[in-house]
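2 protein chains.
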Amino acid sequence: MKKLFTTLLLSGCLATGYAQQPPNIIVFLVDDMGWMDNSVPFSGTMQPLNHRFHTPNMERLAAKGVLFSNAYATPVCTPSRVSLMTGMNAAHHGVTNWTSPNRNNNTDNPDSTFAPAPWNINGLTTRKGDSAAVYATTYPELLKAAGYYTVHVGKAHWGPMGTPGSNPVNFGFLVNISGHSAGHPQSYLSEEAYGNLPGKNTVQAVPDLEEYYHTGTFLTEALTREAIKAIAYPISRKQPFYLNLAHYAVHVPLMGDPRFLKKYQDAGLDPQEAKYASMIEGMDKSLGDIMDYLEEQHIAQNTIIIFMSDNGGLSLHPPRGGEAHTQNLPLRAGKGAVYEGGIREPMIVSGPLVNTPGSVCKQPVIIEDFFPTILEMAGVKSYHTVQQTDGRSFVPLLRQPATVDDQRILVWHYPDKWIPGDGPGINYRSALRQGKWKLVYSMRDGSKELYDLSTDIGEQHNLAAKNPTKVKELAKLLSNQLRQWNAPMPILKATGTPAPMPDGQQ
Amino acid sequence: MKKLFTTLLLSGCLATGYAQQPPNIIVFLVDDMGWMDNSVPFSGTMQPLNHRFHTPNMERLAAKGVLFSNAYATPVCTPSRVSLMTGMNAAHHGVTNWTSPNRNNNTDNPDSTFAPAPWNINGLTTRKGDSAAVYATTYPELLKAAGYYTVHVGKAHWGPMGTPGSNPVNFGFLVNISGHSAGHPQSYLSEEAYGNLPGKNTVQAVPDLEEYYHTGTFLTEALTREAIKAIAYPISRKQPFYLNLAHYAVHVPLMGDPRFLKKYQDAGLDPQEAKYASMIEGMDKSLGDIMDYLEEQHIAQNTIIIFMSDNGGLSLHPPRGGEAHTQNLPLRAGKGAVYEGGIREPMIVSGPLVNTPGSVCKQPVIIEDFFPTILEMAGVKSYHTVQQTDGRSFVPLLRQPATVDDQRILVWHYPDKWIPGDGPGINYRSALRQGKWKLVYSMRDGSKELYDLSTDIGEQHNLAAKNPTKVKELAKLLSNQLRQWNAPMPILKATGTPAPMPDGQQ
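Sequence lines, in order, name chains Y and W.
As numbered in UniProt numbering, residues 1 to 506 make up the first sequence, in order.
As numbered in UniProt numbering, residues 1 to 506 make up the second sequence, in order.
Take these hints with a grain of salt, some might be off.
Any copy will do: because identical chains look the same in the list, a pair fits if it lies in one copy or spans two.
With a Cα cut of at most 30 Å, we get these calculated BS3-like pairs of lysine-lysine [as the list claims (entries may be wrong)]: (1) K238 with K476; (2) K200 with K381; (3) K144 with K238; (4) K381 with K128; (5) K381 with K238; (6) K285 with K128; (7) K229 with K128; (8) K436 with K200; (9) K229 with K144; (10) K128 with K238; (11) K381 with K263; (12) K263 with K436; (13) K476 with K64; (14) K493 with K263.
Please keep in mind that the hints were generated in silico from the structure rather than gathered at the bench.
Quantities reported herein were computed from a predicted structural model and do not represent experimental measurements.
Kindly produce the complete structure, drawing on both the sequences and the hints.
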């Protein structure tokens with residue numbers, strides 16, 4: 001009965017550089033997970049926080065792959081997610097702060113000195129001409145065109161309701177499960193229908209999971225099962241797939257994952273931290289379930305997993321337990337900050353491009369690097385994007401993790417007011433890293449801090465006064481880059497002009 | 001750069017009987033649309049109601065295809081939808097009434113004489129062992145396995161929240177947009193976010209359409225655009241697709257489609273009927289948009305469209321305008337009834353299997369026939385189902401619409417209480433059609449009515465007293481069939497026994 005089906009056969013040729021099966025690619029993206037929120041020694045040695053969290057599947061992944069100890073995202077979620085989709089730095093795509101679920105709604109807190117920067121408050125769009133949004137070509141669209149089956153599961157948060165950015169289908173995903181405009185779930189609990197109880201929903205109610213309502217299924221588990229369902233199809237027909245499994249965990253609201261909560265409560269953790277740790281382990285189980293499934297399907301060998309978080313761990317107390325801004329130690333501060341606690345991420349890459357399992361790569365990489373990397377992994381070599389991309393492929397680093405490039409500069413730009421009162425490294429900051437040096441610039445007071453990350457990962461010793469030449473050099477580098485990208489700057493209310501760049505110029 | 005991709009090529013062979021491209025198949029299913037709710041002369045001549053409604057695209061489809069003038073579904077929605085998915089008669093699958101969005105919730109109205117029949121209140125499931133649900137293999141699952149790209153858009157209503165039936169993905173659909181447990185939309189209006197306004201949702205809030213919130217897009221239009229987006233992918237790779245475009249229209253709540261409302265108000269229609277007519281024309285535009293898209297993509301020639309409704313037009317006043325049970329004239333009664341107004345459907349089939357465009361087929365067909373028909377259309381000849389199917393393929397009727405089979409029996413079985421007070425043909429009825437004869441049985445009083453549909457389409461002249469032999473013959477046929485299917489019957493509270501079958505036996 002099975003006959004050749006000529007037309008499909010011809011169209012089945014993938015537009016990739018691979019003569020055989022291109023790899024499957026999974027980006028396993030966690031929300032608000034800090035660098036230390038796991039039991040993997042990302043710092044090189046086990047830190048006290050590494051002993052608090054239990055992530056055996058991250059350990060398993062690290063043993064198979066390359067651990068990136070200097071991987072970065074942006075201080076908050078939407079800018080990272082837009083950088084991921086577009087390959088652009090946040091200062092370039094202009095979605096510098098998290099987007100509201102509502103259109104034309106600026107999420108910056110009010111400030112007495114500054115009026116908001118002209119950032120793209122409507123997020124990412126694929127429709128030319130949308131106001132206050134960055135128009136770009138996304139890599140899932142390119143992967144789909146190259147023959148990949150593309151699936152998004154979980155948090156999207158690329159743009160507000162009423163715009164194409166609210167639906168991952170518009171970014172090239174064939175299947176979208178539970179991705180929409182919201183940046184966090186109303187509830188992780190099936191007993192609360194993930195927020196969809198009649199008359200009790202907010203815009204954060206998680207769509208598409210009715211099957212799990214009132215079944216005792218924690219959100220992380222429901223998303224994992226849906227992801228496995230969705231990739232079963234391309235696996236069954238040996239079509240390569242791209243899966244964007246973007247967990248809502250471990251973003252607030254902190255809710256204990258009942259499968260793991262008691263363990264951390266019994267360990268004597270602060271009640272909020274026990275909830276948080278249970279959410280971490282629930283996320284880690286999801287990773288393990290995905291890895292198990294790939295092995296059962298005999299495709300683990302040809303599947304790349306990229307584990308990543310979108311910004312640093314939340315360090316506000318409340319809702320976190322413990323003293324504020326200690327939750328990412330030895331890193332300074334947390335989510336919202338341009339200090340390392342706000343931007344350094346637990347990143348691991350496994351799969352066929354890894355030469356030496358269990359190796360460590362110290363070369364700094366950043367979220368916009370994912371775009372060219374994933375396309376290179378997929379063998380998509382020639383493609384057109386409407387935007388100029390900024391990222392660099394880290395495929396060479398997978399093959400040679402010891403590679404060092406001390407000249408590359410990485411930039412963070414946060415011309416926004418995230419919380420009402422400025423915190424450590426939080427609100428109106430830019431930063432630049434080159435090699436071991438890091439410059440932190442405050443738009444608020446014009447101050448510049450200089451840190452040597454090779455000896456001071458905690459950014460405790462400001463070397464700016466000792467090394468004014470380096471400060472000037474880096475400030476110029478940063479300013480020139482920001483100007484080149486036409487980076488949005490907050491507006492001084494007194495004068496109506498943008499805040500000065502780190503070099504003191506406009 | 002494009003090289004042969006051997007593995008996918010081999011797996012790209014479709015498991016169908018086609019040596020070339022199998023046809024694309026679209027079931028365009030309308031909700032609660034009556035036989036007369038259009039400008040197509042389904043009765044053979046234009047009736048007064050045909051002049052009220054404007055459905056130029058249905059006319060266009062009929063001119064290309066075969067009009068089925070004796071096509072049937074069941075009196076209410078879920079039973080029809082489950083028959084569609086399973087190929088089973090409602091008396092056989094046991095989902096005889098509409099399912100609640102909530103699990104284990106019997107939607108039958110309370111009755112002083114009867115306790116509810118043991119019907120499958122939890123709908124359709126693909127998980128063996130689910131209680132009060134029919135476990136079956138669905139044809140989208142078989143189509144998917146045969147190489148079809150399967151898409152569901154719109155109303156699902158196959159099972160309650162907390163069960164697999166709430167998610168069309170579990171029935172073999174690769175993509176599900178807006179299908180869930182609910183049987184109607186909370187709102188058709190983007191200004192009301194289709195029901196998802198914070199704090200105002202019910203379980204009927206329509207998922208997945210955030211992109212259209214507050215954009216003035218009527219629900220019917222949003223679903224159409226999403227359907228076109230979803231099929232663009234298989235079209236681009238020349239993969240055959242199956243699209244289940246199941247509109248929420250024209251179910252209550254009756255809300256004017258602003259694109260067409262004024263036209264009907266200006267025509268002097270009753271306000272409720274003007275809304276209803278505007279929803280009909282909005283649905284018809286959707287059909288036209290789909291047909292236009294297929295033509296633009298040059299695949300209209302190889303795409304089958306099956307136009308169908310799931311039950312008769314609603315004839316309750318309110319919410320409909322006019323006198324109750326006149327809305328399907330010349331047919332008797334409406335939704336909920338086993339009279340023709342409740343079960344006869346506007347059905348049209350176009351596409352490559354049609355020999356004579358614009359022809360009419362008078363042979364009775366019924367919703368469970370879709371299952372074997374669609375698999376035959378797709379060239380899927382050998383397949384296994386966990387259930388015994390009841391439907392017959394109508395593919396031969398497309399080739400020879402004049403075929404007559406006066407021996408086939410069609411069965412309707414509604415052992416439930418849909419509305420608090422019994423209506424014409426509504427609540428606790430079974431019926432059978434064979435050739436021109438129709439038997440209607442009331443479980444309430446044991447009465448049997450006999451109609452000759454060849455001369456009395458309105459079921460106005462009960463011939464039972466004149467033709468007791470025919471009544472007895474048909475009652476035996478119906479009873480035997482119901483017993484064979486183990487059809488659920490209401491329970492007499494007085495005795496605790498099931499109501500008798502039409503032949504007076506158990």
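Enumerated hints in conflict with the structure, sorted upward: 1, 2, 8, 11, 12, 13, 14
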